[in-house]
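Chemist: In case you want the letters, here they are:
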Amino acid sequence: FHPHTAKMWSCMKNFFTYETTKSVVVKSWTIGIINRIVQLIIISYFIGWVFIWEKAYQVRDTAIESSVMTKVKGFGNYNNRVMDVADYVTPTQGGSVFCIITKMITTENQVQGYCPETEKYNCTKDSDCTKYRHRPGGYGIFTGNCVPFKTNISMCEIKGWCPAEIDTIKTEPMNDVENFTIFIKNSIRFPTFNYTKGNFLPSITNEYIKTCNFNKEKDIYCPIFKVGDILKNAEQNFTQLADMGGVIGIMISWMCDLDKSDDECKPLYSFTRLDAMSQQNNVSPGYNFRFAKYYKMENGTDYRTLVKAFAIRFDVIVNGNAGKFNMIPTIINMVAAFTSVGVGTVLCDIILLNFLKGAEQYKAKKFEEVSDNPLDIQSNGLYHSQLSLRHTHFKSSDSGAFSIDHFS
Amino acid sequence: FHPHTAKMWSCMKNFFTYETTKSVVVKSWTIGIINRIVQLIIISYFIGWVFIWEKAYQVRDTAIESSVMTKVKGFGNYNNRVMDVADYVTPTQGGSVFCIITKMITTENQVQGYCPETEKYNCTKDSDCTKYRHRPGGYGIFTGNCVPFKTNISMCEIKGWCPAEIDTIKTEPMNDVENFTIFIKNSIRFPTFNYTKGNFLPSITNEYIKTCNFNKEKDIYCPIFKVGDILKNAEQNFTQLADMGGVIGIMISWMCDLDKSDDECKPLYSFTRLDAMSQQNNVSPGYNFRFAKYYKMENGTDYRTLVKAFAIRFDVIVNGNAGKFNMIPTIINMVAAFTSVGVGTVLCDIILLNFLKGAEQYKAKKFEEVSDNPLDIQSNGLYHSQLSLRHTHFKSSDSGAFSIDHFS
Amino acid sequence: FHPHTAKMWSCMKNFFTYETTKSVVVKSWTIGIINRIVQLIIISYFIGWVFIWEKAYQVRDTAIESSVMTKVKGFGNYNNRVMDVADYVTPTQGGSVFCIITKMITTENQVQGYCPETEKYNCTKDSDCTKYRHRPGGYGIFTGNCVPFKTNISMCEIKGWCPAEIDTIKTEPMNDVENFTIFIKNSIRFPTFNYTKGNFLPSITNEYIKTCNFNKEKDIYCPIFKVGDILKNAEQNFTQLADMGGVIGIMISWMCDLDKSDDECKPLYSFTRLDAMSQQNNVSPGYNFRFAKYYKMENGTDYRTLVKAFAIRFDVIVNGNAGKFNMIPTIINMVAAFTSVGVGTVLCDIILLNFLKGAEQYKAKKFEEVSDNPLDIQSNGLYHSQLSLRHTHFKSSDSGAFSIDHFS
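Chains as they are written, first to last, in my numbering: chain A, 1 to 408; chain B, 409 to 816; chain C, 817 to 1224.
Same shape as in the complex, but just chain A (with noise of 0.2 Å):
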């Protein structure tokens, strides 16, 4: 051979070498069994809590597209006149927020101009007025005089929508809306996997729909909620939220293993109160709002019907989570649940060079010592089970972080 070349092959031949780590078998019943047991815990939990309960195998999708219409159902008494659906409802797109308006306080045939304030602001004389003078009060801007409210009663005068607003009435909320249904159509697609389901099941006939209504024990699939039920199983007391108001949350839960059959892909619902806050506390309790319906009279001049309305404001949320199986996942799973029984030696390995019978035994087959000072080297080779021994006695008070660096 040409020198260079025989180096490149004695190179190449180094290169092309495998090295494994030598091994001590300790042929013992003790640590045996203990060592079997330790592995048999590590797959059993990749086995169990890994690939089957956590479903470690498949690719996950949890950018779930949603698409919500809701529609509500019902007529209520309210005022001696029937509301529906375009009366109570708001906003009206049938999306996946919106409010039912249980009660209302209603000041009609407002007009720009001067008026008394209707709260707080009691006065006898101008001058208890003027210091309020282009401030903003209860409904309006305050002009500084102070004006009649009813009899015996004066209150400074504002300038804006007159008459204002007597917030303070009592009123009945509308006890129908219990009884109101709510119908949510809800589709979903999972984009990974290009998958789509909607909530009506292929099982959910024309004619179930038409009658049915959710029952958390028996109609689970129904799109189908009467306000009362959700009410009731976001354990919610349908008297004080109506005249209150509040926020329920419908929440849709689609928990999709794709690796079953498309029917077991199903939507979940549940119920619960968002404003929970509300009803720990006493500011600000419940949930209302002010809007205006705006109307002219001949003259062109505005005028304008003021409502605050008490409502309950429900929140269909959508959320889901599909898996499939896939190749990459199960193989890094696998590798890493086949790394991780080779955990067990640390343990065993505490065990066996501090806790068992012939540990220093153990710990003259498992260790060789090599120092940098000659005279040691010497020594070792010749009194080798010697040192050991000495080697063993020292290292019993560092067996902990010992163990460990066996082990990578």
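Just so you know, these hints were derived from the structure itself, not from any lab.
Just to be clear, a hint being listed does not mean it is correct.
Unchecked claim - Below 25 Å or equal to it, Euclidean Cα-Cα: the simulated DSS-like pairs (lysine-lysine) are:
id, chain 1, residue 1, chain 2, residue 2
1, B, Lys618, C, Lys947
2, B, Lys481, C, Lys1124
3, A, Lys324, B, Lys463
4, C, Lys889, A, Lys170
5, A, Lys13, B, Lys773
6, A, Lys293, A, Lys71
7, A, Lys71, A, Lys266
8, C, Lys1112, A, Lys296
9, C, Lys986, C, Lys936
To be verified - Restraint ranges, calculated between C-beta atoms of paired labels, are given here:
id, chain 1, residue 1, chain 2, residue 2, range
10, A, Ile166, C, Ile969, 46 to 54 Å
11, A, Ile209, B, Ser669, 50 to 58 Å
12, A, Leu347, B, Leu448, 32 to 40 Å
13, B, Gly546, A, Met297, 31 to 39 Å
14, B, Asn729, C, Asp1073, 21 to 29 Å
Unchecked claim - Coverage of chain B stretches by chain A, computed from C-beta distances (three or more under 8 Å per stretch; other residues unrestricted):
id, segment
15, 434-441
16, 491-505
17, 547-553
18, 676-684
19, 697-706
20, 710-723
21, 752-764
Please read all numbers here as calculations on a predicted model, not as lab measurements.
Just so you know, even glycine gets a beta-carbon here, dropped at the ideal spot from N, CA and C.
Following the hints, position chains B and C against chain A.
Modeler: Structure of chains B and C alone, referenced to chain A:
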């Protein structure tokens, strides 16, 4: 030395030692090549998949902050009127969800009162209706009376907004909707990197924006979308959708590699039908909702115009994912890569100890035995090669689990 | 023993064995200290970063359920009228997204009919307009005629809501908006832990809430925000924003360590401009939308008031992240920590086998050779130390990849 100091010194000396595994270097072409190939595959996987494809060296931010403004433009002829944005878009605020009304069933001049039902509740005498009394019907609450509806037809009477809507009227949708344009202004921010961007690319001039239309091939960054084009991209039929209503998703996806030039962080538009269920299922297809406009007569009586609107709802959904180089994930993944290279040993050990010529010899080198039975130890020392062979013999049935042990 | 039983017994005996790696203990101050320092760094990283900073011992819940209610208060003078909430806030429901209108271009008494365009489409004779016939213009559909608009100016005629809006009118924004207050009621729930909380801290009294204003230094838990303060915190100029409109994000962040006291789970408010693009880019800046109020004349003719509203839109965005101690992640991460300590061996091996005095000697101890060439084996046995030295010689070129092998 003082004996205490000596002990301390010895203790420290024992602490500052280094343990490394004793290795067997196998000089065999077969296993050497297998070993290097397995290592190459693992390294390729890490470089190719983990680093290049998954960009594991980057910190990711998926908590995108987004603001969407929309503006619809176009005029539609409907019932001999010209409809503009304020007429056919709802809600009007130009947010990320809006409806374009394509068809309307209008019932004008409704007042609170008594009138016959318009559907299903035919009757000939009052007693036909008494069973419904005080119960909700299609358009109001039944009074229990039977009243004439049309010539020869009587219906049960309701109390509510009268006259009741006649839902069954066939009307044509507003076909001009197909030519309407939707202008979308989308600003995003990745809070982790404080990176802000908008969907108006710097390369887009004022002139261009005034005249362009989004086109999946040519103008993929034009923020103006023709309704017809959106439906075509979502593979929907305009006529059908305009007639029944539906929900279309406009997805804006921001996948940004912030290590690259700022210009490469661009929006990607895609379109899908969100209420796909409506197509599969005949139960309550499409999308419609009811709203009312309220008016007042001179004498103060309320009346309203009820509209049942069929609409195309558009949901602009923004999602994003930005990555930027960061030391911490780089180090973590490099360590994981190095660590995983060792996983190859498991496979190689299985081959080496079971399938290779001279497997017994390799086992003899790799495994050393130690037993808690003193007799075994002695024989171990004396008949090493023989023992190993025996060992080999029994082990062969356990090669899988066995080989895994070595590796940790 | 029966031979079958004996085999079984022997098989079991072989199964219940324990394998551990044979280790070389290097007694060298240099490498001993390096080894311990590397281990210390790895342990510090795990304790400091993974456990203390990232709280890896906790289960996390980021799927926060949230409900937001908002209420705006304040009165604005605009066009000699006092505007209240019902006038300037839209949508009115007090949800998490709402607009405060700051400027309006109002076009009153529009009816369906024919009128001249108001912009761009100047003409002198009908033939100038015929080319536009039946095509959409700025405010309606062109008829193809040329009609007088103002003295000396003629415009193409449109069919639509007339008179057409004159967009170019300069009006002042409503400056009182700066003093309006936004009251935010936010309830959250972490479903994993069934933990509910609100942004009214228990320490906040009824009295305090009535008078407080959010302040980034002093009153960081007051749920009432002055619009001016929000803009200041978001580094925006009120005058400019009120004139052009814009979108402001009010972020509420709940970072809760549920292992600590309940009192420490508090909201953190921050403010940013979401449509930041509007500032960078001159194309279609700001935020505005059109809506109409519909009226009826006595004869039943519809007319409307068209409003082009410039508004500040507020998006209340809630995000949260709660953690609580749990055994499973604690164990997993502790195992990972222990395992990672072994990673230090890679580095130490590289140093030990390449850069340390006596490297050849260490290699001789660490590596044992076995070859598939019988001649080599013999020589291996006989000239162990010599072989190792040779081995060392060639290996030195391969130290990186080489050293990695040991570690697994």
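Chemist: Hint by hint, say whether it matches the structure.
Modeler: Verification of the supplied hints:
Straight-line distance between C-alpha atoms of Lys618(B) and Lys947(C) comes to about 20 Å, which keeps the hinted pair within the 25 Å bound. Proposed proximity of Lys481(B) and Lys1124(C) is supported: the alpha carbons are some 14 Å apart, at most 25 Å. A threshold of 25 Å between alpha carbons decides the hint, and for Lys324(A) with Lys463(B) the separation of about 23 Å falls inside it, so the pair holds. Simply put, Lys889(C) and Lys170(A) have alpha-carbon atoms about 23 Å apart, close enough for the 25 Å limit, and the pair holds.
Pair hint Lys13(A) plus Lys773(B) holds up; C-alpha atoms about 20 Å apart against a cutoff of 25 Å. The suggested pairing of Lys293(A) with Lys71(A) holds, with an alpha-carbon distance near 23 Å, which does not exceed 25 Å. Of the supplied pair hints, the one linking Lys71(A) and Lys266(A) holds, its CA atoms being roughly 21 Å apart against a limit of 25 Å. Taking the CA atoms of Lys1112(C) and Lys296(A), the gap is near 8 Å; set against the 25 Å cutoff, the hint holds.
At most 25 Å may separate the alpha-carbon atoms for a hinted pair to count; Lys986(C) and Lys936(C) meet this at roughly 18 Å. Taking the beta carbon of each, Ile166(A) and Ile969(C) are about 52 Å apart, inside 46 to 54 Å as hinted. Evaluation of the 50 to 58 Å hint for Ile209(A) and Ser669(B) yields a pass: the beta carbon distance comes to about 54 Å. Distance hint for Leu347(A) and Leu448(B): a CB-CB separation of about 34 Å, consistent with the stated range 32 to 40 Å.
With their beta carbons about 36 Å apart, Gly546(B) and Met297(A) fall inside the hinted range of 31 to 39 Å. Range check, Asn729(B) to Asp1073(C): Cβ separation about 27 Å, and the 21 to 29 Å hint holds. Counting residues of the segment 434-441 of chain B whose beta carbon lies closer than 8 Å to any beta carbon of chain A gives 7, which meets the minimum of three for the stated coverage. Counting residues of the segment 491-505 of chain B whose C-beta lies closer than 8 Å to any C-beta of chain A gives 3; at least three are required, and the coverage claim holds.
Proximity of the segment 547-553 of chain B to chain A, defined as three or more residues with a beta carbon under 8 Å from a beta carbon of that chain, is established by the 3 residues found. Only residues whose beta carbon comes within less than 8 Å of a beta carbon in chain A count, and the segment 676-684 of chain B has 4; three or more means the coverage holds. Given a C-beta distance limit of less than 8 Å, the hint that chain A covers the segment 697-706 of chain B holds, as 8 residues qualify and 3 suffice. Using a Cβ-Cβ cut-off of 8 Å, 5 residues of the segment 710-723 of chain B lie near chain A, which meets the minimum of three, so the contact claim holds.
Residues of the segment 752-764 of chain B lying with their CB closer than 8 Å to a CB of chain A number 5, which satisfies the three-residue condition for coverage.
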